[in-house]
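**Student:** Whenever a hint applies, use it, and build me the whole structure from the sequences.
Those sequence lines, one after another, are chains A and B. Using numbering that gives the first Met the number 0, the first residue of the first sequence is number 0, and each one after it goes up by one. Using numbering that gives the first Met the number 0, the first residue of the second sequence is number 0, and each one after it goes up by one.
In short, the hints are calculated from the structure, not lab data. Be a bit skeptical, because a hint or two may be false.
[Unchecked claim] The calculated label-pair distances, taken between Cβ atoms and stated as ranges, are:
id : chain 1 : residue 1 : chain 2 : residue 2 : range
1  : A       : D337      : B       : E193      : 26 to 32 angstroms
2  : A       : D337      : B       : N218      : 23 to 29 angstroms
3  : B       : W103      : A       : H232      : 21 to 27 angstroms
4  : B       : Q248      : A       : S297      : 30 to 36 angstroms
5  : A       : G412      : B       : D271      : 34 to 40 angstroms
6  : B       : E192      : A       : W340      : 28 to 34 angstroms
7  : A       : G412      : B       : P25       : 51 to 57 angstroms
[To be verified] Which stretches of chain B does chain A cover? Using the computed rule of at least three CB atoms under 8 angstroms from a CB of chain A, they are:
id : stretch
8  : 129–142
9  : 333–347
[Unchecked claim] Some chain A residues near chain B, calculated using beta-carbon distances under 8 angstroms:
id : residue
10 : S82
11 : Y200
12 : A204
Ideal Cβ positions, reconstructed from N, Cα and C, are used throughout, including at glycine.
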Amino acid sequence: MDLTFSGALEIAGLIKNKEITSVEAVEAFLARIDAVEPDVHSYINVSADIARERAAAIDSRLSAGDDAGAFAGVPLAIKDVLSTRGFPTTCGSRMLEGFVPAYDATVVERVNDAGTVMLGKANMDEFAMGSSTENSYFGPTRNPWDLERVPGGSSGGSAAAVAAGEAPWALGSDTGGSIRQPAALCGIVGLKPTYGLVSRYGLVAFASSLDQVGPMTRSVGDCAALLGLIAGHDPCDSTSIDEPAPDYLTGLDGEVKGMKAGIVKELSSDGIEPGVLERFNATVKALEGLGVSCEEVSLPSFEYGLSAYYLIAPAEASSNLARFDGVRYGYRTDLESDDIWEMYDETRAAGFGGEVKRRIMLGTYALSAGYYDAYYAQAQKIRTLIVRDYGRAWDSFDVLVSPTSPSTAFKLGEKMDDPLTMYLSDICTIPVNLAGIPALSLPCGLAEGLPVGFQVMGPPLSEAKIMNVAYALEGVLGFEPRPPLD
Amino acid sequence: MEFETIIGLEIHAELNTASKMFCGCPTAFGGAPNTSTCPICLGHPGVLPVANREAVADTILLGLALNCKITPRSIFHRKNYFYPDMPKNFQISQYDIPLTADGWLEVEMEGNNRRVGITRVHLEEDTGKSVHIGESGRIHGADFSLEDFNRAGIPLAEIVTEPDLRSPEEARAFMQLLRATLEYLQISDCKMEEGSLRCDANISIAVDGAMGTKVEIKNMNSFRSLFRALSYEDERQRFAIKQGETLVQETRHWDDAAGVTHPLRSKEEAFDYRYFPEPDLVPIEPDPAWVEELRGRLPELPMERLRRFREQYGLSDEIAVMLTSEKALADYFERAVETGQDPVELAKWIAGDLVALLKDAVVPIQSCPLEPRGLGELVALVAQKVISGKMAKEVLKEAFDTGKGPKEIVEAKGLSQIADAGELDAVVDEVIAANPEAAEDMRGGKEQALKFLMGQVMKKTRGQANPEMASDLIKKKLT
Ligand SMILES: [Zn+2]
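**Tutor:** What follows is the structure, given as structure tokens:
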């Protein structure tokens, strides 16, 4: 059996039944990391020693008969945007190179409490801004399915690690598609939860009103399990929903017969690659085969989703990233200066990469006196319209579906000089964040050897339902997330 | 040309909540630098704010005391600007939908009432404190700057008035009343010198009813400097207008030592704050039942108490204002009144000697060594003519210094006045016999002679003779 291509639930079972130890599991993944990391570069920092120590400690607790958590000893990758106490958290930025947080993010606390063992911090576009992981200060991640291609982004490191067998599962974050698009491009499952379902405390903010942490896994079952670990109210996050999260795992029964799915016209026709469209249509057929009635639906406001997103997200980012100024922590310019404003300028000019600076400037402009109403306020109105369009759709449909990404993985460098084309990579995923609803990307086969993602969207807090649809599809599609890497 | 001074104030009061506005750090004043801090108030990556319910309650309470409407759904905004004492480089504040708005506070000025409109009372977080090392003393040209974030994140209530004040006197009186109001509500320490109460002002001169150019004054750190700065600026502007000069809309800094205002460099002021709704916080929607519960907690406010003191106890304006300016002082007075002594006498003793003693010893009235009961005892001793007013001053001082009761002091020192007519009668006879010349002058109607003889009586009794009785006796015997 190849442990590194086993799911997390499977590994948890093996450890529980004493067929393997946590140390063995961790060593298997560390060996795999050693083998493929030079090619793939999924991690910014691998926490090998800490992982070995923790695994050994968990093993001794387990052999003493202690309860070490539901996923005791199961390895995990964590996107480097989540604060980990005592271990570097860089957000893929020079600004935070070597920065060691003083506290754990709530989700990190929760996966630790469940007994998981962190293997390392996964690579990402700087401050989660990008769709290819090429914007990382620490170098790009490559797609395990084709090393000439990008893994998507911004959670490209998390997606590639899971796809390449460098971690059984991973935590990512999604602001405009940053979990789902890389999941699609790497052939794994990725879920963006309802806004407020998962705590953002300790998630380094990109766009506060859009960000969510979510699972990136090899199967829908693992996705339900990891969501179960991280979901639920957190008093440290005022926007966290004050309701207990259900047991997602037991809800997965594949019973979808009689459900209604809407095919979003605006997200599944123009600008979608033929190969992607072909896989998408085949998956819709499979869904109908499961007894789900599928019908096209038009959500006209989606046309403006991308524009609204690229005003709201940069506006919030321009404020969120103001704290990186060289005064209290992180990078500070070496340039001697007796003027604080010069110090700020030099620090931020050298500490941030090009895409981050572009978005800070866009956002600053959108919030400026005289432009606020024309840009930021207008974008918020579009947001309201998108929420309304979705709301109307839920009157007629249980779920909505579309391709996750308009294309399969593209070549490294292909879109780096053309930000607008790059931004279009998120055209199918962005409306979901604007509306705060949950959506999942399920691998639905290959197009010319590259994975294609199928997006399932649902009303607020319908995670159980959309995962069940994906679970049913997973059973009939039979996709095996194993790239020809070796 | 008819001139009218137009003043509006913007006041910041640090709320004395147990913890900071958006984190759990304590708010205690004066700790070692950066000891009351955590990742949240230091603006570390990934942290989130959670609003302090106690601070919201305090602000609502203040809004109610200032006759404001409580906003059913108010929101926080981010005010964006870079400064090293701002951990996040934005301040969480409120913008177009404050917690409370549209109220008033009535100030009495020499019998005239001035109702000052309160535009808004909102809630925000304080910044840290910078110390700039170097010749300039300012951030420009400093060798380096030190930052203390203990204050960063302490809740601040911002109170903005309408431009309803018409003189520096009125502005000062308003500030004093507002300070007293905050103090009565027990929501702020109200120390202008320590910065827990801060005030900026807008001042302009209307000429023949036409609005003038508004100038903002900053850095007024006491009631005195508020009054001096506004008086200076009032005169500067009137003079400029008379000279035909054009005033500039600007922010000016009050230099207390030099007694002048001067313009701030525009670079420090030219901010576009790019306000936008704080996405990390949810709107505040105070439950109406909670607001009513808070309303029920409102104490008798300074102006109500002042009016009651005048009517119920017959106190003068000046003394009533003084006693009610501090809740604990007014409480002390009312507890002293419970001893049954004359309120006017009690009030005089408190407003005069006692307050002076407290001030010298830098002791708050709450820890006054002389209990209100003791003050009643002192006033009773004077009323019963056991001791003179002059002796009472000394007894008060000793009671204050030692914590002993006035009665105890009088007895221990044998200080009681000789009010026994027989005993005093003998002394007066002795004095007359020993000073025949003065006695003759007295018979001849010389005022000087009475004073001389009184002096001799006092000398003989070591000051313990009841002066009234002694003087009556001399007069009776020598006229
Ligand atoms: Zn704190």
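**Student:** Determine for every hint whether it applies to the structure shown.
**Tutor:** A quick look at each hint next to the structure:
1. Evaluation of the 26 to 32 angstroms hint for D337(A) and E193(B) yields a pass: the beta carbon distance comes to about 31 angstroms.
2. The hinted window of 23 to 29 angstroms between D337(A) and N218(B) holds, with their beta carbons roughly 24 angstroms apart.
3. The given range of 21 to 27 angstroms is broken by W103(B) and H232(A), whose C-beta atoms sit roughly 41 angstroms from each other.
4. A hinted range of 30 to 36 angstroms for the beta carbons of Q248(B) and S297(A) is inconsistent with their spacing of about 53 angstroms.
5. Range check, G412(A) to D271(B): Cβ separation about 37 angstroms, and the 34 to 40 angstroms hint holds.
6. Taking the beta carbon of each, E192(B) and W340(A) are about 31 angstroms apart, inside 28 to 34 angstroms as hinted.
7. Take G412(A) and P25(B): their Cβ atoms lie about 53 angstroms apart, and the range 51 to 57 angstroms holds.
8. Residues of the stretch 129–142 of chain B lying with their CB closer than 8 angstroms to a CB of chain A number 5, which satisfies the three-residue condition for coverage.
9. Coverage of the stretch 333–347 of chain B by chain A is violated in this model, with 0 residues showing a Cβ closer than 8 angstroms to a Cβ of that chain against a need of three.
10. Hint status for S82(A): holds, given a least beta-carbon distance of 4 angstroms to chain B, under 8 angstroms.
11. About 5 angstroms separates the beta-carbon of Y200(A) from the nearest beta-carbon of chain B, less than 8 angstroms, and the hint is met.
12. Contact between A204(A) and chain B, as hinted, is supported at the beta carbon level, the nearest pair being about 7 angstroms apart and thus within 8 angstroms.
In terms of the numbered hints stated before, the structure departs from hints 3, 4 and 9, listed from lowest to highest.
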